[in-house]
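Whenever a hint applies, use it, and build me the whole structure from the sequences.
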Amino acid sequence: MQGKVTVSTRQRRNRIRTNLTWYSFILVSLVTVLLLVYLPTLTTVVYSLSDVDLQGFQATWAGLKNFKLIFSMNGFWTSILNTLGLSLLGLITIPLGFFLANAINSLGRSPLQSFFRVMFYMPNIITGVSVILIFQVVLKGNDGMLNGFLSTVLGHPVTIGWLSSSKYSWYGATILLTWANLGYAMLINLASLQSISTELYEAASIDGANAWRKMLSITIPNMRACFSFLLVTNMISGLARFTDLYIIGGNSASGKPGGTLQTILMFIFQYSFDSPQYGISSAGAVFLFLMTLCFTVLNVKLTGMFKEEK
Amino acid sequence: MKIATKILSLMLAVAMLTSVAAFASAEGGYAVNPNLDANASLTLTLYGPGLFASVGETGSIDLTSGITIPGYERVVKVWNQYYPNVKLDVQPIPWSDWQANVATAVMGGDVDVIMHGATLATLCEDLQPRIEAEAGLMDKLYLVASRYTADQPDVAKVSGIPYTVTPLLVYLDSKIFADYGVELPTAAWTWEDMIELAKQLTGTDPVTGEQTYGYKFTSRTANNNFYFNHMMIAGAFGGNIIHYAPKVSEITADYHCESSMKAFEIIQELSNYCSPDGKEGVVDDTVLTAQNNIAIRVEQSPFTHLAEAKSAGDENRWVWMTLPVNEVGEGAGKPSYMLGENNLSIAYNSDAADWAWEFIKFMTTDDEVQQWYVDTNNIPNNVEGQTLIVPSVGEEKAAAIYAAIGDLPYGWNNATNDCINTAFLGTLASDMYVALDSLIKGEITPVEAADYVQNNLDAFLKSYEEK
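If you read the protein sequences in the order shown, they are chains A and B. Under this note's numbering, the first residue of the first sequence is numbered 26, with each subsequent residue one higher. Under this note's numbering, the first residue of the second sequence is numbered 11, with each subsequent residue one higher.
Hints are supplied without guarantee of correctness; some may be wrong.
In silico DSS-like cross-links for lysine-lysine, where the CA-CA straight-line distance does not exceed 25 Å [what the hints assert, rightly or not]: (1) A:Lys90 with B:Lys472; (2) B:Lys257 with A:Lys93; (3) B:Lys257 with A:Lys90; (4) B:Lys272 with B:Lys209; (5) B:Lys320 with B:Lys185; (6) B:Lys451 with A:Lys192; (7) B:Lys472 with B:Lys257; (8) A:Lys93 with B:Lys472.
Under 8 Å between C-beta atoms, here's a sample of chain A residues computed to sit facing chain B [to be verified]: (9) Met98; (10) Asn167; (11) Gly275; (12) Ser277; (13) Pro282; (14) Phe298.
Output of the computed footprint for chain A on chain B, the stretches with three or more beta carbons under 8 Å from beta carbons of chain A [claimed, not checked]: (15) 106-114; (16) 226-239; (17) 449-459.
Simulated from the structure, these hints should not be mistaken for lab results. Ideal Cβ placement from N, Cα and C applies to all residues, glycine included.
Following this line, the structure appears as structure tokens:
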């Protein structure tokens with residue numbers, strides 16, 4: 026009996042020693058993640074409940090005061106509205122990517138398909154800053170390229186300031202986002218489209234289904250996981266939108282024009298860097314975290330993203 | 011009228027040179043401080059944006075004029091002739107997010123001299139005691155950089171010493187004026203005169219048949235500086251918008267007051283005479299070219315514009331003029347207040363503060379360094395050093411510069427005054443940018459612009475009330 030215990034203890038020790046060897050491989054990553062991700066996250070939560078001094082970062086407990094304060098700020102709610110509006114408009118890339126993927130897929134596996142696949146994905150690998158600077162000229166109200174095109178098509182002068190008018194800035198920012206992200210949405214849709222069994226389409230053809238019926242009954246139901254994935258990831262990135270709008274605003278988090286392009290992340294940035302009030306910015310960051318979490322859970326529930334196929 | 015302008019300019023130049031001659035009796039230049047150990051061995055760390063970042067260590071080439079701009083290695087070399095063992099570790103940074111970067115670096119404890127630190131006054135040592143202990147220093151310098159701070163909002167703290175100054179001048183295209191048969195204004199002009207001229211000069215040029223525009227706002231696409239447009243006009247009508255108090259929570263501001271509303275209304279009126287690009291604010295057309303179609307421009311960087319004018323083939327086409335005069339208060343009759351500067355500060359936690367102060371004195375008084383400023387197209391804050399610009403820009407233009415920088419009250423600065431505060435009143439500068447941008451585009455009225463700025467400021471001040 027005693028011998029069995031000794032063997033068992035030794036085995037356990039060996040197992041621990043073996044596991045430790047494996048754990049040592051991830052130790053550096055683990056410590057890095059703890060120090061650079063979880064610790065700052067926890068600090069943000071603590072700061073959101075504190076008054077924080079600029080010099081020395083001394084924090085004194087303040088309860089929910091910072092949250093009460095941001096909830097009383099018009100600018101905060103405007104930034105939430107802008108974030109949600111821009112995020113929802115940004116979802117246009119999903120149906121557009123789907124239609125584009127269908128068009129490219131219909132070309133069959135050919136060099137032409139590869140060509141279009143690469144061409145439409147190209148905007149994704151171009152440096153974001155240069156794209157934004159170029160689009161500022163393309164979307165200008167005075168002599169902008171888009172307005173030039175619209176003027177020619179419509180037969181009368183169009184002078185919409187797509188990025189400079191408070192009225193149209195959401196659409197201008199969405200045009201920019203769509204141009205930059207359409208290729209990615211197309212690629213994900215295309216990969217998903219090409220994974221649908223061709224036997225299903227063949228069987229449907231034998232049953233007399235036309236192209237429209239195949240689309241509604243085979244393609245779209247089989248694309249559910251793809252749409253869910255794009256919906257969740259697009260919403261998350263939409264809620265954290267910052268860089269392009271920051272540059273459009275003249276390297277400012279003010280959300281020019283008229284504050285209509287100030288997202289919640291830009292609101293947080295303003296109170297972190299332009300006018301450091303770390304309690305307010307941390308409260309905004311915690312609110313953004315909770316909002317993103319809620320949207321993600323809601324999206325996952327509604328779309329059944331992680332449900333196993335029966 | 012043009013002759014009258016020239017005569018006035020020459021008179022101002024003579025006045026300036028006379029005052030400089032008076033200062034010349036004071037001992038000029040920099041001398042080694044005998045109280046410091048000349049053989050001391052240490053490293054002085056300089057961190058921040060400004061001139062050092064723009065010229066680089068080894069220099070750069072001015073793209074307009076093709077002239078080589080000398081780098082800061084020249085300054086380092088002169089410094090090391092005085093103190094061979096005190097090394098300078100220069101860490102220039104770009105303007106993007108500079109305040110956050112400077113704050114982080116200073117709180118890290120590795121910075122001695124903050125370049126352009128004066129606005130971050132809480133991070134800087136109060137230099138007033140050092141100035142008082144340094145007899146004769148202020149005779150050599152034109153101005154100090156003082157700021158209100160969040161710790162003591164009603165008392166201005168000397169948080170830095172400027173080494174160069176940047177006036178805002180008006181550039182009048184004499185060709186457009188002549189084509190329309192409109193006389194150039196005198197230095198005694200008002201903001202109402204500005205509106206009237208801008209109106210007259212907007213339309214189809216009677217000689218060339220080209221479209222011309224009357225006015226261009228300064229810093230159209232620059233979030234951090236666009237508030238200049240409101241500040242200088244509101245100041246001309248008495249300012250008195252922000253009322254500082256011993257605590258931030260007790261500060262009050264009224265952006266609906268007479269001077270502020272007057273500024274919003276004048277800006278709205280002037281926007282009618284801007285080019286479409288000038289209104290839209292996506293592209294900032296700041297370069298003086300032969301094809302120029304804007305009659306009145308308000309800009310900083312006079313040296314740069316002189317180089318542009320030369321490149322355009324006619325440097326005399328643009329007449330340099332001071333801003334319209336203040337109409338109310340002690341400064342009535344003087345040009346509207348607006349002066350930028352590059353400054354140096356001592357980090358509050360520097361363990362080489364005496365050496366940092368010595369470096370600041372060196373940068374503001376040494377003759378070779380003053381010449382370096384002029385060679386880099388800058389105007390020294392040193393009174394004698396300012397005379398060095400005459401060979402580069404000529405007496406007439408130098409007179410306009412002297413007049414623009416000559417009448418500021420002691421301690422006045424464009425970062426914290428009674429019209430604006432970019433240092434500790436939250437997102438005020440940024441909010442002003444958004445409000446003015448929308449106002450110029452015609453999306454909001456002056457009252458709505460004031461509402462926007464006021465509401466955001468009130469929300470910010472409320473955050474202090476609850477502390």
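Checklist entry - Honestly, which of those hints from before does the structure not fit? => result Structure breaks no hint.
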